[in-house]
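**Q** Here is what each chain is made of, one letter per residue.
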Amino acid sequence: MRSWFKQLRYLSALGLLLFLVSCSFMGKKNGCPNGDVVFVGDLGDIDIVKVSCIPKDGILRVLVEIKNDDDKERSLAYRFDWFDEEGVVLGREEAWKPVYLYPKEVKTIRGTAPNWLAADTKFLIKE
Amino acid sequence: MFQRTYVLRVALLIVFSMVLGCSKSVRYGDPKGIETVSIEFGSTDLHKVAEEMTRSMLVSQLVVEGNRPLITVQDVKNLTSEYIDTRAITDSIRTELARSGVVRFVVDEEAMAQQVSELDRQQDGEYYDQETIAEKGKMLGAAYRLEGSIRSIVKQSSDVKDVYYKVNLQVWEIRTGILEWSDETDIRKIRD
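One line per chain: the protein sequences are A and B, in this order.
Residue numbers for the first sequence, in the numbering used here: 9 to 135.
Residue numbers for the second sequence, in the numbering used here: 66 to 257.
Think of the hints as simulated: they come from the structure by calculation, not from any bench.
Heads up, the beta-carbon is just placed ideally off N, CA and C, and yes, glycines get one too.
The calculated label-pair distances, taken between Cβ atoms and stated as ranges, are:
hint, chain 1, residue 1, chain 2, residue 2, range
1, A, D50, B, V181, 57 to 67 Å
2, A, N42, B, T160, 27 to 37 Å
3, A, V45, B, Q180, 45 to 55 Å
Could you build all of it, start to finish, from the sequences and the hints given here?
**A** The structure is reproduced here in structure tokens:
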């Protein structure tokens with residue numbers, strides 16, 4: 009009887025440990041821990057409204073809301089850097105992609121990770 | 066005689082210096098940077114198309130973690146009026162997808178002749194260890210084929226040129242003929 013209780017105690021402890029480990033991994037997968045935004049140079053009246061990270065089917069997707077507070081249209085370039093759980097850059101550098109903003113326009117830029125290993129991202133934007 | 070040769074050498078030196086002085090300097094640029102040298106389809110457009118299409122396919126139902134479907138690639142058709150190396154688009158998309166590790170590619174139509182030639186070479190040659198040669202009849206057939214096209218609309222006035230590109234890609238299931246995935250991206254370039 010005592011040995012049965014002992015086994016149950018061990019199993020409970022193991023179950024709790026597994027639960028905590030899986031939760032910690034899920035925590036890393038849900039959203040990007042840093043989700044940094046880097047302005048390359050002075051962009052004036054360009055603001056980042058919101059950065060949302062949405063993992064879907066294991067692939068990290070990012071939505072960046074960007075606002076042009078200027079009274080003129082702006083032609084900018086952006087790219088994402090992707091990192092694995094250890095913070096190591098994944099794959100090769102992405103290409104800069106053009107984005108056009110009308111005056112006072114808020115635009116959502118979508119980014120998708122290059123593979124299932126991506127756990128975090130950095131959004132870079134420049135003139 | 067000596068004076069004539071001397072004068073000739075000096076003249077050559079002057080001409081050479083002038084040529085060097087007039088030539089433009091060469092520098093390295095960012096291969097992933099925004100390129101706006103001309104309005105024609107360029108490297109920025111190629112990167113944009115390859116990245117957007119690849120990432121779109123990654124989050125489609127076609128790619129489920131672990132299934133790694135077998136795909137064969139057909140060249141993107143150039144339906145524009147300008148010369149575009151569409152093989153570069155196809156290669157970039159294939160490389161991006163292969164790097165992601167979510168799909169596998171089998172020999173496409175263009176590489177088939179080389180594949181068959183290599184198989185024949187191994188089978189017919191007496192120089193190979195028979196235990197290591199690739200057997201015929203073991204190649205895998207693709208479950209899907211990737212194809213696409215690029216089209217353009219060009220408008221031009223005396224001082225403005227406006228080019229609109231539309232790139233469309235599709236993945237068809239070969240056995241059933243079902244369109245499994247399709248997406249398009251567009252690019253607009255203006256020169257004024």
